[in-house]
Amino acid sequence: MGSKGNVQEENALPSQDETKVNGTRDENLADKFLEGDDAAKYWFFGSLIWFPIFATLGFILAIKFFQPYFLSDAAFLTFGRIRPAHVNGVLFGFVSSGLIGGMFWALPRLVNTPIYNARLAKLSAMLWNFGLLAGIILILFFGDTQGREYAELPWSVDVLIMLTLLLILYNILSTLGRRVEKKLYVSTWYYTATFIWFPIIYFIGNVMWRPPSGSLEGITDSIFNWYYGHNVLGLWFTTLGIATWYYAVPRMINRPLYSHLLSVISFFTIAFFYTGVGGHHLLQTPIPEWVKTIAVVMSILMLVPVITFMVNLGMTLRGSWDTFTTDIPFRFVVTGFIFYVLTSIQGSFQGLRGTNSFLHFSQWPVGHAHLAILGGFGFLAIGIMYWLIPNITRTKIYSNRLMSISWWLALIGFILFFSAMTIAGLVANSAWYQNITVAPVLKLLQFWYVSRAIGGGMVVLAGYVFAYNMLMTFVRSKEPHVEEEIFHISHEKSSRPHSNIQRRSQHAMSMPIIVVGGMSLFLLMTWMVVAMPALNLDTVTPSDFAHPYTVEEAHGRELYKEMGCVYCHSQFVRPQDWAIGRVSEQGDYYYDSPHLLGTERTGPDLSQIGGMRPTEWHYLHDRDARTTSPSSIMPPFGFLSDTELDSLVAYVQNLGTYNLTVMGFHPEVPYEYRNKRQPYASYISAVTQNYSFDNQTYTGYESTGVEFGSIFEEGKKAYTQRCLPCHGCSGNAQGPYARHVVTQPANLHERILSYMPESGESYHFWRVSEGVPGTAMPSWKLSVNETEIWKINLYELSFASGSIRTITGDFSDAEAIDFSNRTNIVPPINGTQDQFEMGKNIFNLYCAQCHGEKGQGDGVASILTPGGYIEPEPANFTESGGDFEHYGQYVWKVREGVETTNMPPWKYSLSDDEIYRTIFYVQNFSASDDYNAKWGPLYKDNFARNMRS
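The sequence shown finishes on residue 949 if you use my numbering, and the numbering steps up by one all the way, no holes.
What the hints contain is simulated information worked out from the structure, not anything from laboratory work.
For each residue, glycine too, the CB sits at the ideal point set by N, CA and C.
Careful, some of the hints might be misleading.
No farther apart than 25 angstroms at their CA atoms in a straight line, the calculated lysine to aspartate or glutamate pairs in the DMTMM-like style are these [what the hints assert, rightly or not]:
| id | residue 1 | residue 2 |
| --- | --- | --- |
| 1 | Lys907 | Glu885 |
| 2 | Lys561 | Glu600 |
| 3 | Lys292 | Glu217 |
| 4 | Lys717 | Glu914 |
| 5 | Lys292 | Asp624 |
| 6 | Lys676 | Glu770 |
| 7 | Lys907 | Glu713 |
Here are the computed distance ranges between Cβ atoms for each label pair [said to hold, decoys possible]:
| id | residue 1 | residue 2 | range |
| --- | --- | --- | --- |
| 8 | Lys443 | Leu77 | 21 to 29 angstroms |
| 9 | Ile817 | Thr699 | 24 to 32 angstroms |
| 10 | Val826 | Thr704 | 33 to 41 angstroms |
| 11 | Gly760 | Glu702 | 26 to 34 angstroms |
| 12 | Ser404 | Tyr591 | 53 to 61 angstroms |
Take the sequences, apply the hints, and build the full model.
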């Protein structure tokens, strides 16, 4: 390996080192026009027609993301009908037809034998395209869809597709059985294996033994669906695509494939690893955990065939990049190769549990799918057609300029709309990760939706330019012209010896080894990820959310499927989904067939929506979603009859049961917090049992009271530093920063009472730890440890039921007197009118909610006021003015707070200067005699001295 001189014996195509084979042929079929090439033309013709048509449907979908009323007056124009038509049309019409056409050109040349039955190959093309057209018509105009991602085509069409696949397989095997070239080049393995594996995948994944629904019951159906859904990419497009790259690239640059051994490794690892990755689409669903683990491991191991293929083709391309600038079909092919490698690496990355939980449901996976299908295999299919159609028609391409324009339009447009979807996905996922709901997030995505449509429009335009160029090439081929010379492959042979391993791998890789080896690995993994889970889930029983559907509900579910609601609404609650409901269980889907789990959340999850909205709300919403949800992009369903609306509402209103339970109106605590318990609960219980709220007397153990008081004060300190700015010193949501936020902070008195004892301490701990989505309440777990959060929670309980004063007021009074005697502090301010006014403002903002505007201890939060709750009652500053004898007592009480009461240590919130000014204002509440005798004379300014004269 490594240099151009290392030419493999098949030199990128079989029989290149032989002038005669079996004495029957004296030239390679690569240089001849074959009867079967007309079959390739049939497939190519279908592909180039379908590309602009189904790309246009995608463009319409892109517009609907920011203009939901666009083309919305009939059922066949709605998003939910157009989407499956677009997806299946692109998958099986444009891309598949192009790659199959390439196979019918390549295979005879790979085995040096004409295709076994050219008429059968043409018939296959007609059956395939007829079946696809019939399926699209049934989906668009009749809503006849199986409702399963990538498997929407009706059962009758599935039968036709399956028949076509088997006809192609018969043609391939018959051709191989008559082949002249006995050595099998790697592309032949992939082509053969594809048409052996995929019919099995199609039959199993589409549950074809269960007509007409093509689905199983319960969560098992999702496993079968995604076994098929991902293997459409892995064991259909990937294997067809790699075979085509391995054939086309060496031919286009006149250079042999770099390594036969790497292609062997890639082939067998794809057969085993790729078969098992489908479960990574279901990592957050209630399928068995071991199935998820297999999917994650296989997703990582998929890097093995990807990297071996990337290295193999990349080394084959070395030194040939000048061709990229001059040969436009080659440019398409290599661009597709680059996009394929990127999407494969991206796929392994997003198949991990952590990244999957973050990235799921948004535009990111949609962008990933487009990167694979359009970016990888779409560019490849276009490149192959640009390359081979002139060979088939024996004439030049109609316009090289149009060919170049189509590449630039496709590339720039694709990069724009892929980037827009990726960024939109990251924006949405980041917001959802903070548990901001779907509706407000939609407004953040409008720019990216428009950008997506602009980029998609460029791709559509590229499709029309491509189709026009190809059709004109076909038309031109009917006119008199000089036939172009077919490319002749080099017969240069390597001067360097092969390794024994490489020589044996080339000569010993017979058809039985490829078929038996590939099938064994494929079937083993299929048994592990499909059959075993199905057997395991056979014992699932209905959960409390599962119920048999009434006739009306069943009709509504069918409408839900027909109208494509599943493409925007999921029906499973993940562990990280707050406020939606409990995490979904296997038994929730006992009566469901097909599954409607969904893959996107353009709208909210509906799995437990039953009873969460008034029934008439659903009628308004379904007729025109923006009458009830102004930012919604759901299409209007005003064309539905009253009976149909009745059925649809009946189905949705009973999802997760018709829930009318009266509760505390709080979301369920996330599973990771449900078992959290207050570590200081024993202290709370002990002091509560030995405390009288009537006379505010604690009679329990002194040591227990002191320990409780220490915990209480630490929680109060943390609250004062972190929570008071929003929630206020009394927890009534009137902190200074509350004036600066859109959503008012919680009134902790009301909030804590509303969830006690329902969710209790675990709910409280969760809210402080994670914050509140869409508000200024932060996730305190990012900077505060659990111990401190529990102490904050303990302190905040005093806003609900009052403080338990285990440390008497005498202790605080003695501290204040001691401080005064030690410091002999006097007012550090002069006592000006400006200082007085500032002190007044600080008092009214911070202190009046407890102490009252006149300092009588009767603020709105005080127990002395009806509806108040701060207990023990706040200080009456008229009395304090008489009781205090020293200025230092004020300073201590304000700065340090009062133990086991709600009087905060203000030194953690206010500066010393602010504290002194506030004290100056508070002293004004003293009786005139007290003020004039004790406090006024302490200040230097005449305003303070004469204020009470």
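### Query
Of the hints given before, which are not true for this structure?
Hint 5 is the one this structure does not satisfy, whereas the remaining hints hold.
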